[in-house]
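Trainee: Residues per chain, in single letters:
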Amino acid sequence: MTSVTTAPAPRDDVVEDTGARRHALTVAGLCFLAGVAAILLFGLTATSDQVSTLLMNPRGVDTIPDVELPTQIAAFVLGFGAIALGVRALQVVDPKITVFFGGALGLFALALVIWAARDGTGAFYGLIAGSVQRATPIALGAIAGLLCERTGVINIAIEGMMLAAAFGAAITASATGSLWIGLLCGILTGALFGAIHAVISIRYEVDQIVGGTFINIFALGLTSYLTVRVLVEYSHLNQPGTFRPFEIPLLVEIPFLGPLLFSQNVFGFVMFGLVAFLAWALFNTRWGLRVRSVGEHPRAADTVGISVHFIRYRNVILGGMVAGIGGAWFTLGSAGRFDQNMTNGKGFIALAAMIFGRWHPVGALIAALIFGFSEQLNDYLALLDTPIPSEFLLMAPYVVTIVVVAGLVGRPRVPAANGQVYRSGG
Amino acid sequence: MTAPPAEAPAAPPPDVDDPLAGAPHERQPGVAGALREVALGLIGPLLAILTALIVGALIIVFTDPTTLEAWGSFFSAPGTALADSWDLIATSYRALFDSSLGSQRALARTLVQSTPLILVGLSVALAFKAGMFNIGGAGQLIVGAMAAAWIGITFDLPQVVHLPLALVAGVIGGAVWGGIVGFLKARTGAHEVITSIMLNFVALRLLDYALSTDTFRRPGRSDPISPEMPASVRLPEPIDSFRVHLGFLLALLVAWGAWWLLQRTTIGFRMRAVGANPHAARYAGMGVAATTVLSMGIAGGLAGLGGTTILLGSTPRLTGGFFASVGFDAIALALLGRASPIGVVGAGLLFGALQAGSTGMQAQTSTPIDIIFVIQALIILFVAAPAIVRTVWRVKETRLGAGQRFSAGWGAQ
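If you read the sequences in order, they're chains D and S.
All residue numbers for the first sequence refer to the numbering used here, where the first residue is 1 and numbers rise by one.
All residue numbers for the second sequence refer to the numbering used here, where the first residue is 1 and numbers rise by one.
What the hints contain is simulated information worked out from the structure, not anything from laboratory work.
Wrong hints could be hidden among the right ones.
[Stated by the list, open to error] Label pairs and their in silico Cβ distance ranges:
hint, chain 1, residue 1, chain 2, residue 2, range
1, S, Gly-287, D, Pro-389, 53 to 61 Å
2, D, Val-67, S, Thr-213, 49 to 57 Å
3, S, Gly-79, D, Pro-245, 48 to 56 Å
4, D, Glu-247, S, Thr-215, 43 to 51 Å
5, D, Val-232, S, Thr-215, 35 to 43 Å
6, S, Gly-320, D, Gly-241, 44 to 52 Å
7, D, Leu-40, S, Pro-164, 27 to 35 Å
8, D, Val-87, S, Pro-164, 50 to 58 Å
On a predicted model such as this, the values are computed, not experimentally measured, just so you know.
Built from N, CA and C at the ideal position, the CB exists for glycine as well.
Sequences are here, hints too, so could you generate the full structure?
Mentor: Pasting the structure below:
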């Protein structure tokens, strides 16, 4: 009897072990690659007398000194740092080992930033601040996506929801002269599209990817149509203006991080607030438990009396509202006007950030920051005349996401019931 | 993708014999029975199109400033509002019809427009049959067209060699891009929707990059545009007065080929078996992984060929947006055509007509082109959710098929 019950256990361990082992090897290999690349590409191409200057303050502020680094030494140190992370990855057995890869990639990026500024000045603060700016709509979109997907409703319609909300926000803010009403209307537009997605995927049980595709094409077609039809003729309906940034007193005085995090417009604060709130609420409240149970095992949730459909409707509409805030960012937080297809694939980057962030709010934020960084890096490098084609940096989020879903650096765990129709009593 | 329920008579003729389509439904013998089948099968899509056109008409009416004014005084002069609205719809849709089917030139434009749509639509349809949602048509057609453009620009060959070579390059380019998706799915279980969305954007950036290099950029220009494709790779237009290039014929041939592949070959049977139930297919000894890679490779190749016909046909220069919205339109028409080759041809012709007509509509009336995309989106919705159409038109359930499911969730393998 005992042999029967204990026999499978060691075999499971072995399987687990080789899997973890292979995973560790992959991560270590990628860390080595990042380190060696930093040394070869940046360390060896710089000369020992070159110095990189990094500006650490926003314009007009002078709280901390700018940093001057010897380019070559910095690149070598960072490269060897990445290699050291790889060595460490081989020694520890830890499912969170992927963090090492992230660290190595970060060191590589820093080496690139320093190398690009050799014999010159790089606007380091501007690079980071710009990354946070660009991360804002991506993170909001990713949160919108994970709110839906945590309950088991696939949402590839973030792009369409954001685009529609950007339009709705711009036109109402222009018509009423109030940015706040515009924002509210953006949220309502998002909620409306969320409700449409919810109805067609829950009530009509349409394939959720088809439903998402419908919303994306519909939103693009409708907003483009209305732009030509209405906004071209009545251009005063397309002058919403933008939210001014405001500062949080005292906190803004913190060197570097102060102006970075505590001097933003409403969208930045809302985004950080939502990430913090959801990171807590999803895992520490009754609401969060219900949401996750519906996304993982709707039958079980139903059995204990949770209304699967109600939770799904509510979350998909909530997700639409968050996508609405993200959409309003484009018109009211950034451009100050609506243009056809102005989200331009950001919704899909948000989708990527959600996956990359493993359906976790903080993960989504980190992913959004990384993707925002890879966009902002273009501007930074362009100013320094670095011969790296911007297209490859812009490709990075997509390639990284493919690497992640392919499980090269640890497969993300998807909500188990994602995309599945639920019929109670069936 | 689960097999459609037994009461679904919506599939066009080739699918009726489909051994994997679920339990056989009642059939009446003889020609009359067959015609009845076809007619019943067409009701769903036709009602979906009609509903979409009606909703489109409502959008046109209620966004037109002058008509809206007329509606503002509806209670004093109800006739004016209604007459104005009717006029607007009638002129818009007549212009749409006239510039898509109204003349020989218009018809030619329609056929040329539908060529890439049919090919990329076949790509989506074929992947559907193999149980995958190929949302990556856009990326595959870009890479295919880039490969064809490279052949066109780089080599100087006689047409008999050059044109086929460019077409083959287009197929290979697309097949590689689609094959990556299939490989990642077969090898690692990465969901094809995620990877193909991501690869779409990678292809887009790759195109931007290519157009900034000396290989692809027109000499002496700094904007991202390639030189015009030489005459030796252009698809010829055999009839002088009827400007349709051979790509259209090729698309029809390929559609027949796709039907033949799916219905008459072992590979096609495997693809459908894997699509219907990968576990059963594996149990039956079929190589699911190999079939997945092959299916996505073929699907990618079809999309690549579609992109190539755009480049070698109607717009002979590679630009950042030469492909317009073909990649996404293809998804809509594959759904409309119920993922069967003949359905895709029909849907492709319809969408080609809509797109060819929309240009004329914008020129003759003030209705912007983009209304077409609204209508196409609505067609997707109404085809995917027949319950909505049933509610609107009060049709009995048995007359329209139930909705189709084309993909499993992110997590499912």
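Trainee: Next step is simple, just say for each hint if it's right about the structure.
Mentor: Quick rundown of the hints versus the structure:
no.	hint	verdict
1	Gly-287(S) to Pro-389(D): 53 to 61 Å	violated (40 Å)
2	Val-67(D) to Thr-213(S): 49 to 57 Å	violated (36 Å)
3	Gly-79(S) to Pro-245(D): 48 to 56 Å	holds (54 Å)
4	Glu-247(D) to Thr-215(S): 43 to 51 Å	holds (50 Å)
5	Val-232(D) to Thr-215(S): 35 to 43 Å	holds (38 Å)
6	Gly-320(S) to Gly-241(D): 44 to 52 Å	violated (31 Å)
7	Leu-40(D) to Pro-164(S): 27 to 35 Å	violated (43 Å)
8	Val-87(D) to Pro-164(S): 50 to 58 Å	holds (54 Å)
Violation of the numbered hints given earlier is confined to hints 1, 2, 6, 7; the remaining hints are satisfied by the structure.
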